[in-house]
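Trainee: Take the sequences, apply the hints, and build the full model.
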Amino acid sequence: MAPNEAGSPAIQPIADIDRLIHEPARLMILAVLYVVESADFLFLMRQTGLTRGNLSSHIAKLETAGYIDIKKEFVGKIPHTLLRLTSEGREAFETYRQSMIGVLEDLGD
Amino acid sequence: MSQNLDVKKVEQRVWRASQQDGLMEVAVGILLVATALQIRVKGLIAVWIVVAVSLAPGLEAIRKRVTYPRIGYVELVQEEPKKTLRGIGVYAIVVIAAMALAFAIFSDIGDLTLWQRWSPTLAGVLISGGMIYAASKSGAARYTVFMVLAVGLGIAFSILFPEGYTGLTLYLLTLGGVFILCGAITFLCFLHKNPLRAEETADGAE
Chain D
1 MAPNEAGSPA
11 IQPIADIDRL
21 IHEPARLMIL
31 AVLYVVESAD
41 FLFLMRQTGL
51 TRGNLSSHIA
61 KLETAGYIDI
71 KKEFVGKIPH
81 TLLRLTSEGR
91 EAFETYRQSM
101 IGVLEDLGD
Chain L
1 MSQNLDVKKV
11 EQRVWRASQQ
21 DGLMEVAVGI
31 LLVATALQIR
41 VKGLIAVWIV
51 VAVSLAPGLE
61 AIRKRVTYPR
71 IGYVELVQEE
81 PKKTLRGIGV
91 YAIVVIAAMA
101 LAFAIFSDIG
111 DLTLWQRWSP
121 TLAGVLISGG
131 MIYAASKSGA
141 ARYTVFMVLA
151 VGLGIAFSIL
161 FPEGYTGLTL
171 YLLTLGGVFI
181 LCGAITFLCF
191 LHKNPLRAEE
201 TADGAE
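Heads up: the sequence lines are chains D and L, in that order. Per my numbering: the first sequence = residues 1 to 109. Per my numbering: the second sequence = residues 1 to 206.
Quick caveat, the hints were computed from the structure, so don't treat them as lab data. Predicted, not measured: the structure shown is a model, and the values here were computed from it. Ideal Cβ positions, reconstructed from N, Cα and C, are used throughout, including at glycine. There's no promise every hint is true.
Unchecked claim - Cβ-Cβ distance ranges computed for the label pairs, FRET-style:
1) Ser87/D - Gly164/L: 52 to 58 angstroms
2) Ala97/L - Thr64/D: 53 to 59 angstroms
3) Val47/L - Ile70/D: 41 to 47 angstroms
4) Gly102/D - Glu60/L: 48 to 54 angstroms
5) Lys61/D - Ala92/L: 47 to 53 angstroms
6) Ile155/L - Ile70/D: 29 to 35 angstroms
7) Leu44/L - Thr95/D: 52 to 58 angstroms
As the list claims (entries may be wrong) - Derived contacts from chain D toward chain L, CB cut-off under 8 angstroms, selection only:
8) Tyr34
9) Ser38
10) Gln47
What the hints assert, rightly or not - Each computed DSSO-like pair below joins lysine-lysine, with the alpha-carbon atoms no more than 30 angstroms apart:
11) Lys64/L - Lys42/L
12) Lys61/D - Lys8/L
13) Lys193/L - Lys72/D
14) Lys64/L - Lys77/D
15) Lys72/D - Lys9/L
16) Lys64/L - Lys71/D
17) Lys83/L - Lys9/L
18) Lys137/L - Lys77/D
19) Lys8/L - Lys72/D
20) Lys61/D - Lys83/L
21) Lys71/D - Lys9/L
22) Lys71/D - Lys193/L
23) Lys42/L - Lys71/D
24) Lys137/L - Lys9/L
25) Lys137/L - Lys193/L
26) Lys77/D - Lys9/L
27) Lys64/L - Lys137/L
28) Lys72/D - Lys64/L
Mentor: Printed below as a string of structure tokens:
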């Protein structure tokens with residue numbers, strides 16, 4: 001490979017992949033939220049298999065990025081956290097999916 | 001990675017998870033039994049309406065107390081009501097038209113006894129429409145089994161009970177009973193598999 005091909009258009013999409021979404025735990029969270037209206041903390045924990053602390057830290061990052069919206073409330077005396085994907089998060093997830101499909105197709109077998 | 005990107009599979013898994021308590025089957029079964037009783041006992045229409053109207057809020061109330069504290073809450077994407085009603089309407093019209101065509105070809109389309117006799121089959125095919133939808137949404141085999149059962153029992157009751165609406169009444173009672181039984185067993189398994197843990201009642205999110 002010639003040195004100047006490192007930044008060739010064929011592999012450039014790899015560099016453009018959203019690293020925030022590319023992390024497996026956050027990808028799982030977004031994938032679940034992508035197919036529902038909303039889900040609570042416990043449901044996400046069970047669906048992703050993440051621990052409480054791990055899930056908390058990842059949703060905090062996704063919230064900071066503006067990808068998810070978090071609504072905190074009390075059901076009786078029990079704290080309840082409801083999460084939903086923002087339109088920005090939905091768009092980012094779709095872009096990520098398309099990028100990954102393109103990259104994997106470009107890489108071939 | 002490709003598995004992570006398969007949104008359809010994620011959607012099906014979430015749908016299955018949301019329906020794993022079996023309460024939807026119990027609700028459908030109660031509605032079928034109430035319909036059977038309404039056909040059999042005159043004047044029960046008011047009771048049927050009360051049952052039909054209170055099923056959804058009743059189901060949600062039970063889930064709030066039993067299901068959500070165990071597996072969490074999820075709000076599935078709602079289909080557009082107009083689109084759903086149109087889909088149900090078109091499906092019902094196609095099924096009834098197909099049956100009418102069959103009667104016209106093989107017998108007399110205006111013969112009421114014929115419609116009465118084959119009403120369990122008609123009901124079975126209509127109910128199977130809902131099962132086809134549930135099977136496509138969840139990818140769960142049990143809905144396919146329910147679909148086959150609904151149509152199979154419908155044909156069997158049409159053949160076994162040709163007089164009046166006896167076949168339809170017994171069919172709805174039987175299928176409703178099967179739904180209630182399967183749902184109740186699923187619910188008990190769900191409770192056994194998902195005991196309520198104190199630490200899971202609070203989500204503990206930062």
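Trainee: Hints first: check each against the structure and report whether it holds.
Mentor: Hints, verified against the model:
no. : hint                                   : in the structure
1   : Ser87/D - Gly164/L: 52 to 58 angstroms : holds (57 angstroms)
2   : Ala97/L - Thr64/D: 53 to 59 angstroms  : holds (56 angstroms)
3   : Val47/L - Ile70/D: 41 to 47 angstroms  : holds (44 angstroms)
4   : Gly102/D - Glu60/L: 48 to 54 angstroms : violated (42 angstroms)
5   : Lys61/D - Ala92/L: 47 to 53 angstroms  : holds (48 angstroms)
6   : Ile155/L - Ile70/D: 29 to 35 angstroms : violated (52 angstroms)
7   : Leu44/L - Thr95/D: 52 to 58 angstroms  : holds (56 angstroms)
8   : Tyr34                                  : holds (6 angstroms)
9   : Ser38                                  : holds (5 angstroms)
10  : Gln47                                  : holds (7 angstroms)
11  : Lys64/L - Lys42/L                      : violated (35 angstroms)
12  : Lys61/D - Lys8/L                       : holds (26 angstroms)
13  : Lys193/L - Lys72/D                     : holds (28 angstroms)
14  : Lys64/L - Lys77/D                      : holds (14 angstroms)
15  : Lys72/D - Lys9/L                       : holds (29 angstroms)
16  : Lys64/L - Lys71/D                      : holds (18 angstroms)
17  : Lys83/L - Lys9/L                       : holds (23 angstroms)
18  : Lys137/L - Lys77/D                     : violated (35 angstroms)
19  : Lys8/L - Lys72/D                       : holds (29 angstroms)
20  : Lys61/D - Lys83/L                      : violated (37 angstroms)
21  : Lys71/D - Lys9/L                       : holds (27 angstroms)
22  : Lys71/D - Lys193/L                     : holds (29 angstroms)
23  : Lys42/L - Lys71/D                      : violated (49 angstroms)
24  : Lys137/L - Lys9/L                      : holds (10 angstroms)
25  : Lys137/L - Lys193/L                    : holds (23 angstroms)
26  : Lys77/D - Lys9/L                       : violated (36 angstroms)
27  : Lys64/L - Lys137/L                     : holds (23 angstroms)
28  : Lys72/D - Lys64/L                      : holds (17 angstroms)
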